[in-house]
Amino acid sequence: MKPVLTVAAGIVLLAACSGPPPPPATEVRAAVVDRLPDSHGDTAWSGAPVMDVQMLPQDLVEPRLLAPSVSRVQVQALHDGARLAFRLRWEDTGAEDHPGPARFPDACAVQLPRVAAADVPAPQMGEPGRPVDIVYWRASWQASADGRPDTIEALMPGAVVDHYPFAAPSLEEGSEIQRRFADRYAPARALGNVMEGPREQPVQDLVAEGPGTLRPAASQSATGRGARTAAGWEVVLARPLPASLGPGGRTQVALAVWEGGRDEVGSRKMRSGWVPLVVEEAP
Amino acid sequence: MTDNGYSRRRFLGYAAATGLGAFVASATDAWALDAPENPLALYPDRDWERAYRDLWRSDSQFTFLCAPNDTHNCILNAYVRDGVVTRIGPTMAYGQATDLHGNRASHRWDPRICQKGLALTRRFYGTRRVRHPMVRAGFKKWVDAGFPRGADGRPPAEYFNRARDEWVRVTHEEAAACVAAALVNIAETYTGEDGAARLRAQGYEEEVIAATGGAGVQTLKFRGGMPLLGMTRVFGLYRMANSMALLDAKLRGLGPDEAVGGRGFDNYSWHTDLPPGHPMVTGQQTVDFDLHAAEQADILVVWGMNWITTKMPDAHWLTEARLQGTRVVVIACEYSATACKADDVVVVRPGTTPALALGLAHVLFKEKLYDADYVRRWTDLPVLVRTDTLAYLRAEEVFGPGQADLKNATRVVRPGETTPPPAAQNEQLIPEALRREWGDFVWWDRRRGAPRPLTRDQVGAGSGVEDPLLEGAVEVRLHDGSTVRCRPVFDLVQEYASHFDPATVEGLTWAPASAVQSLARDMAARPGRTLFAVGMGPNQFFNNDNKDRAIFLLAALTGNVGRISGNVGSYAGNYRVALFNGLPHYINENPFDLELDPARPARPRQYWKPESAHYYNHEDHPLRMGQTLLTGASHMPAPTKSMWFANANSILGNVKWHYNTVVNMLPRIEMIAVQEWWWSTSCEWADVVFAVDSWAELKHPDMCCSVTNPFLTVFPRTPLPRVFDTRGDIEVLALVGRALAQRTGDERFARAWTFVDAERTDVYLQRILDHSSNAKGYRFAEMEEKARRGVPVLMMHRTYPKSVGYEQVAESRPWYTKTGRLEFYREESEFIDAGENLPVHREPVDSTFYEPNVIVSAPHEALRPRGPADYGVDPADQSNEVRQARNVVKTWAELKDSPHPLAKDGYRYVFHTPKYRHGAHTLPVDTDVIAVLFGPFGDIYRHDRRMPYASEGYMDINPADAREIGVEDGDYVWIDSDPSDRPFRGWQKNARDYQFSRLLARARYYPGTPRGVTRMWFNMYGATPGSVEGQAARRDGLAKSPRTGYQAMFRSGSHQSATRGWLKPTWMTDSLVRKGLIGQGIGKGFLPDVHCPTGAPREAIVKITRAEPGGIGAQGLWRPAALGIRPRYESEAMKRYLAGGFVAGGGPQKGRS
Amino acid sequence: MARVYNWQIGREMSYWYPDSRPRRQFAAVFDINKCIACQTCTLACKTTWTSGKGQESMLWNNVETKPYGFYPLAWDVKLLDQLGGQAWQDGRYEGRTLFEAAPAGERVLGWRPEEQDYAYPNVGEDDCSAPVDGGAHFQGMHEAWFFYLARICNHCTYPACLSSCPRGSIYKRPEDGIVLLDQGRCRGYQECVKACPYKKVFYNPMTGTSEKCIACFPKMEQEIQPQCFVNCIGKIRLAGWLSTPDKASPDNPLDYLVHIRKVALPLFPQFGLEPNVYYIPPVHVPLPYLRQLFGPGADEAVRIYREAPGDPDLSGLMALFGCTESLIPRWRRDGKEVVGLSADRREVIRVPAREPVRVLPAYDRNLGVYRTNIP
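Chains as they are written, first to last, in my numbering: chain A, 1 to 283; chain B, 10001 to 11153; chain C, 20001 to 20375.
Chain A extracted, bound-state conformation:
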């Protein structure tokens, strides 16, 4: 019965949006800057209003998250007329950036409806035919982007491996043949599905049209950077302003965070409902 209730809740939200402007605390305002800050620590962020977003366990589809973890995320937004950046800050007890069996890196995501309109799709990953665009960041990707080598020793310092077929001395070190040789022994990589391993950006553009439909966006344009703070994570996620969302425009944004230390992954996550997003006009 739960999902139906949610949809109802969604409708309530929509109603709220179409009403008079809500108090600042209930919406995310993206202020204009000349140049989007590329780091989470940039002073530009200190000027941006902070919204405290209430998080809920994803308990609608199996596998569900039954025990709540991260209860609130502080979100800010900035834009430069072309790109839209968010900064998410939340408390997380243990940093987890190490992929492995039963180990899940911390992560977060920002979701916007494809079409900025009064009538938004369900906040649960959108709906069939009504896609949502998601920017996803993962702590292990951040570690790779920050230079963690693409070797098993980087994850398992004691490892002793005598030989990989693609390391045979009869292959030219670093050659294209050798690279393809290595990818054959990592089928996901060979298929371009790089869920771990070397990467420039610790983020990925994703599209969904309902639970279980998540897929990489046709083109990847998101950037991001996360850093560990004493209390938890600070992550900056940036993407182009949606075509339908010019300066002065309004839409909705939803957030999700995963606390790896609590085995949160996939649908086992803390998520928010839609939150109003205002893209301010240049003064």
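I should point out that these hints are in silico values taken from the structure, not numbers from a laboratory.
Please read all numbers here as calculations on a predicted model, not as lab measurements.
Where hints are given, some of them may not hold.
No farther apart than 20 Å at their CA atoms in a straight line, the calculated lysine to aspartate or glutamate pairs in the EDC-like style are these [to be verified]: (1) B:LYS11135 to C:GLU20012; (2) B:LYS10368 to B:ASP10501; (3) B:LYS11135 to C:ASP20081; (4) B:LYS11103 to C:ASP20133.
Chain A stretches covered by chain C per the calculated footprint, using a threshold of three residues with CB under 8 Å from any CB of chain C [as the list claims (entries may be wrong)]: (5) 28-41; (6) 57-70; (7) 118-127; (8) 139-152; (9) 155-167; (10) 195-207.
Label-pair distances were calculated between CB atoms; the ranges are [said to hold, decoys possible]: (11) B:ARG10169 to C:LEU20367: 49 to 55 Å; (12) C:PRO20361 to B:GLY10867: 52 to 58 Å; (13) B:ASP10373 to C:GLY20140: 32 to 38 Å.
Virtual Cβ for every residue (Gly too), placed ideally from N, Cα, C.
Given the coordinates of chain A, assemble chains B and C onto it according to the supplied hints.
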């Protein structure tokens, strides 16, 4: 649950309701909208599957031969992608193998491969591959300095910092030049009177110096490794030893008739694979049968043999025999791997095999269940023995002068008379002198009440022995009028065996009395239907010849010698060089008279002398008891000044008593040259390492065959380009030959390898085939062509399956003994002095809780051994040297109360080191993917940085024993053997070497091993100075040498820290009659791989001390124990699991069907 | 949840998706009495499919010694304990399957091995069930025992991995029933790793995806048996196509052993996945333990196998194992020989149940050579 289960569909239902039905309808066509509705039924886009199809693809494939010393010799397929061998597989073509008559093997022989073969790519490409020739820096300095020496001839020590020195990369030619120069210099140094004086100054015994006969080349030792692992490649080192005669001729100015060659070490006996009692009973090397004979027997007794782990590709013959009704009986000193394939399992005390066999024989005697007909026709049991001299009674003594004219497949050869080559021999060739010495024999005819002569012609159908006296004594009137009291061998043996009644046997061997009785009765019930597959286990004990003689006794009493469905087999090593008895045409080609026409046969002449490597293992000393020399003259070793070997780690890296050898013996040796393609422990301790081709890169073909399967297999030339700067083994020999020619000016050194330079080594191989009894008729070129398709051919053995003794029994031919019969009595003085004229039980020489090496017997008229006092030795002296020749007789009752001399000091655990499934001789447990599966401690990620490698050596111990000494499962323990000489003599004053020699390993709680019996698997690379240094210096803590990359499987020491070299007098006689190594000629005394020492490498009694906790970083319990899934640590759930307690109810399945 | 019929437990059960059996189902028989734990299968698989980075401790095929061997550590004892008592009644499973026992919020009852649980992949090797403290004589049923259990993915009829994937990235091929995990779509949630009771789905930290046994589908598509079958020198394995019990045919070697002779049994049928690797149980092991692993059919299977020597069809068929790399969907016995046939009944392989004994002439006149067993 159901509610939630449907919730997703409800959600979609909502989507449809909101006017999106069209999208939902098309949802399963693509990813555009939704996850698949039912992935059991349909998956939208499967294009990704190409990723695995691409991984499977290979560009090409070729075959190569994998031949470690495991007797299997498998032709394998190598699959190549982008020029790299990525994986290996079976050819599945053994079922196409045929013989010259078109007989075919079946596809039940396929597949032939194993996990070690599949892991070979690690060795072809891995970092420990020997990538180019190397010379030890100090050795090169010594050579370059022109071989400076001290007054006594010794090289200055500073040049010989082995295993700690740096290495210099050189070319193959430079390495060859170094070796040639050293060979010449060493031979020169020890030639003639000056040479002898130098050896004397260095403290060698006179007999050992005399053994050189003044020829310095006799101090040069060569070893080819096991015969059947590469006839030309590996055995070429004996051809090299033969060509040393050219050097001797030059140094001593002698002609071809006086010159001698170098010395060649033994192989089969060196590996303790030779069952030394086989020649004592049958007069020839070994009796065995191809393993597929298993399904021909009613009972298969697997005795001290871990068949399913050491004969892996032939294990199915055992399990499939059970499906054909063969009853499998496993006798082992533990609940072994093979025990889980047995109908019967008998667990016994290690080293008590002779007693168990005698106990089984006793039941047959007592209950008169023996095969009387077989006893009369095939054994010496009816033959009379004089009770005064303890010799066989001779016919001439009774019937007067004159000896029978031997006709039964026998020819007496007069001096100077020429004999046909082996392949043309159909008769046993007995030198006239020997035949005279033997005479004929006597049995007592009960029907006539008179003695009757017995010749060695009278066997089988022609036995003529109908109703012999078997029990009791007779007074026999001799030709000279005197009378002598005689007893048949049967009577002497029966009396001796009577000491081994079931109760005594149970006490002594631990085998339940009821098992001994039922087993003996079952074997007797169907004579000739039991196969005895005897393994390396019992053979690696000091009493191994006693073991063979007692097992043959049991087998003969049940008619089980020489029959396809009933025989004895000894399984260890791929040994029978005689299977290619045309070999002399290669290794012994006369270096003074080389045949360079490929179409014509060589003219063999043997200049090299064989020698048992066990004297090198005994620091070049023969065995003495008091002042008496117990090593026969025919066995006498020469000093070891140079060692050069190929393809074998066993002579140095894995030598028994390894740490004594490297610390105390190596300093006497002036050059050690090794041909290897994988950096072994031998390489660590060598002076010169030649980098040779791996099996996958062979550019010169070779061939081998096997003692356990019927296949003649070729090492084909392979198309794989050499990956590193390597050469073929045989090319290395040719290079050194050329260097010797340059240095000596004698071109014959180089010409000896003409067909190598011409890339025509097939000429040597064809010559071997053309002169081999069971290979003549095969064309090498055709065999190589078949091998390229993965197809071997069948050896032309007399029978399929091969069964040694078939001709003796089926065609009534004599055995190769004095009597022509299976001999259970040994009349020679060496045996009488040892108290072993009868097949006795001796306690193990070290691995016993009781007084070592005691002869167990009640007082017996025929047992008159020379005791310690007779040798002028203190009877109380049980030190290891003395112990070897200590002939003390005790009853079981007396022995029970005589503890091992070290028991009081806590040396209470038998420590044995058998082979296992994860390693074979030349393929030890030393690559990642093999090691992680080796036993319980494998962890490729090495969570515990103390681990020397991805896994490590460990000791199995009975959990109750471990608890008693405070050792937890997975702890590290110190394992110490007899401190008087292990790990090496003088360790007390040598901390530097003790640091890498003392054995430190994990302990595993092992419920399958009895109290007091511990086990460590054989053949993992041991610690060296470099590995210990590496473990301390490297951040990852690997026991890997910083200089050579050598990788040890131990933090310190190895399984060889506890072993020792042992010499037994009965292995070293000058009088034992035996057939030659090849052909039908009979001789006596020393013969390599037939009659010579074997050592006793499975013996050690140890003390165990807890070193560190097993938990990661020495914190707490080893994790599996902490998790409650280990023996003695079971959680409640684990206890319930072991009892099958999670499931209730049973009964037949009724479900819908 | 849908209701599906699982013949191995003799009843209907609930499953995440509705029933849909493939046109052909890949299946196998493993004869435990012939397994020698040589690990050749393990290496054949590893050197072919999992030689990449991040796969170092990953064994799609493993061989463990029961009762003390586990890969990963404690895998089955842990799950049996979570599932609790499991009762059979007249061949019908009365307890709960893993789907029926799923906790709230989950699709399947499962657990997640930790990274360290994949260490010591051969723990318990040759450890027997009880101490052998001294001399002993075991006959028939051994008082102390162990046996070797070779394991691959069971390519289940009702896979837990497939049902647990929130993205539906695991599917069953309609043409052969092989269960595959889409490497192009997996996002590494590890739900399948948690759900598979046999722990035959693995997470690869270097690709960030989960990976599993593919039954060598590139070989099966060419009618060749998978790597771990062709390389099995114990000759314990036969791959093929298994019918449902109602369609069993005696000339299909798998149907014959599984449905007709009932000598080969599924591993942990009570889990409810209808696994498609069938084991001939070891004849020297006490029955309660065997029932726990192989279900109530264990008693009968042991009896029948022990009587194989008097049973030329059964012993003959067992001799055919491992003699060819081709699939042999049909077979027949021809006197003392046994024959493997292709689907269209072409003769693929023929072997004798017992290898013949031959004696060569002592002298070869043409070649002038004596042949002898003592050269």
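Here's how the hints hold up against the structure:
Taking the CA atoms of LYS11135 of chain B and GLU20012 of chain C, the gap is about 32 Å. The hint is violated against a cut of 20 Å. Taking the CA atoms of LYS10368 of chain B and ASP10501 of chain B, the gap is about 14 Å. The hint holds against a cut of 20 Å. With a C-alpha separation of about 11 Å, the suggested pair LYS11135 of chain B and ASP20081 of chain C falls inside the 20 Å cut-off, and the hint holds. The straight-line distance between the Cα atoms of LYS11103 of chain B and ASP20133 of chain C is roughly 19 Å, inside the 20 Å bound, and the hint therefore holds.
Chain C is given as covering the segment 28-41 of chain A, and this is violated because 0 residues of the stretch bring a CB closer than 8 Å to a CB of that chain, at least three being needed. Coverage of a stretch by a chain is defined here by at least three residues with a beta carbon nearer than 8 Å to that chain's beta carbons; for the segment 57-70 of chain A and chain C the count is 7, and the condition holds. Residues of the segment 118-127 of chain A with a Cβ under 8 Å from some Cβ of chain C number 0, which does not satisfy the need for three, so the listed coverage is violated. As drawn, the segment 139-152 of chain A meets chain C at 4 residues by the rule of a beta-carbon pair under 8 Å; at three or more, the given contact holds.
Counting residues of the segment 155-167 of chain A whose C-beta lies closer than 8 Å to any C-beta of chain C gives 6; at least three are required, and the coverage claim holds. Residues of the segment 195-207 of chain A lying with their CB closer than 8 Å to a CB of chain C number 3, which satisfies the three-residue condition for coverage. Look at ARG10169 of chain B against LEU20367 of chain C: about 50 Å separates their beta carbons, and that is inside 49 to 55 Å. Separated by about 54 Å at the C-beta atoms, PRO20361 of chain C and GLY10867 of chain B satisfy the suggested range of 52 to 58 Å.
Between ASP10373 of chain B and GLY20140 of chain C the CB atoms are about 33 Å apart, so this pair conforms to the stated range of 32 to 38 Å.
Hints 1, 5 and 7 from the earlier list are contradicted by this structure; the remaining hints agree with it.
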